[in-house]
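Enquirer: Sequence:
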Amino acid sequence: DANANVVLNKLYKLTAMQSSFSVNNIALVNGRPEMLNLKRMIELFVEHRHDVVVRRTKYELRKAEERAHILQGLIIASDNIDEVIAIIRGSSTPQEAIQRLIERFELSDIQARAIVEMRLRQLTGLE
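At the far end of the sequence shown sits residue 1328, using the numbering used here, and the numbering has no gaps.
If you are wondering where the hints come from, they were derived from the structure by calculation, not from laboratory data.
Every residue gets a Cβ at the ideal spot worked out from N, C-alpha and C, and that includes glycine.
A couple of the hints might just be wrong.
[Stated by the list, open to error] Restraint-style ranges between C-beta atoms, simulated for each label pair:
#1 Gly-1232 x His-1270: 34 to 40 Å
#2 Tyr-1260 x Ser-1220: 38 to 44 Å
#3 Arg-1257 x Val-1224: 25 to 31 Å
#4 Ile-1303 x Gly-1232: 45 to 51 Å
#5 Ser-1293 x Thr-1325: 18 to 24 Å
#6 Glu-1304 x Ser-1279: 33 to 39 Å
#7 Glu-1318 x Ala-1265: 18 to 24 Å
#8 Gln-1323 x Val-1224: 55 to 61 Å
#9 Gln-1219 x Lys-1259: 56 to 62 Å
#10 His-1251 x Val-1208: 44 to 50 Å
#11 Ile-1243 x Phe-1222: 15 to 21 Å
#12 Gln-1300 x Ala-1265: 23 to 29 Å
#13 Glu-1235 x Glu-1318: 49 to 55 Å
Working from the sequences, and respecting the hints, build out all of it.
Expert: Structure (structure tokens):
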């Protein structure tokens, strides 16, 4: 048993089997420097990651909802493609075309703009 302790002590001394290092655990917590233990540091990190994931997910959800709103307008345009093209061609300005699309199909301004900004080739490809 004593021989095993000698071998173990030599392993600790001559190899990286055991090593120690110093750490300065000062971090900003709510804008103020604070000395943290390992548990508190992990808690704050997990809380931070949670906040990041929630914000990113809300952003992605908002973008997906905006895209879905535009796609709903494109579906309406696709169902009435001939009339939409006639309205766009018969309008003297893009703003007039947008207004006429809003009045005729009860689209939002964003949906009507997306339709008017599409190329004719893209519009006819909606069919």
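Enquirer: Are the hints correct? Go through all of them and say.
Expert: Here is what the structure says about each hint:
1. Gly-1232 x His-1270: 34 to 40 Å: holds, 38 Å
2. Tyr-1260 x Ser-1220: 38 to 44 Å: Once the Cβ atoms are compared, 43 Å apart, the range 38 to 44 Å for Ser-1220 and Tyr-1260 holds.
3. Arg-1257 x Val-1224: 25 to 31 Å: holds, 30 Å
4. Ile-1303 x Gly-1232: 45 to 51 Å: holds, 47 Å
5. Ser-1293 x Thr-1325: 18 to 24 Å: holds, 22 Å
6. Glu-1304 x Ser-1279: 33 to 39 Å: violated, 19 Å
7. Glu-1318 x Ala-1265: 18 to 24 Å: holds, 20 Å
8. Gln-1323 x Val-1224: 55 to 61 Å: holds, 58 Å
9. Gln-1219 x Lys-1259: 56 to 62 Å: violated, 46 Å
10. His-1251 x Val-1208: 44 to 50 Å: Because 46 Å falls inside the window, the suggested range holds.
11. Ile-1243 x Phe-1222: 15 to 21 Å: At roughly 18 Å between Cβ atoms, Phe-1222 and Ile-1243 fall inside 15 to 21 Å, so the hint holds.
12. Gln-1300 x Ala-1265: 23 to 29 Å: Holds, since Gln-1300 and Ala-1265 (Cβ atoms, about 28 Å apart) stay within the stated range.
13. Glu-1235 x Glu-1318: 49 to 55 Å: holds, 52 Å
Violated hints for the displayed structure, listed by number in ascending order: 6, 9.
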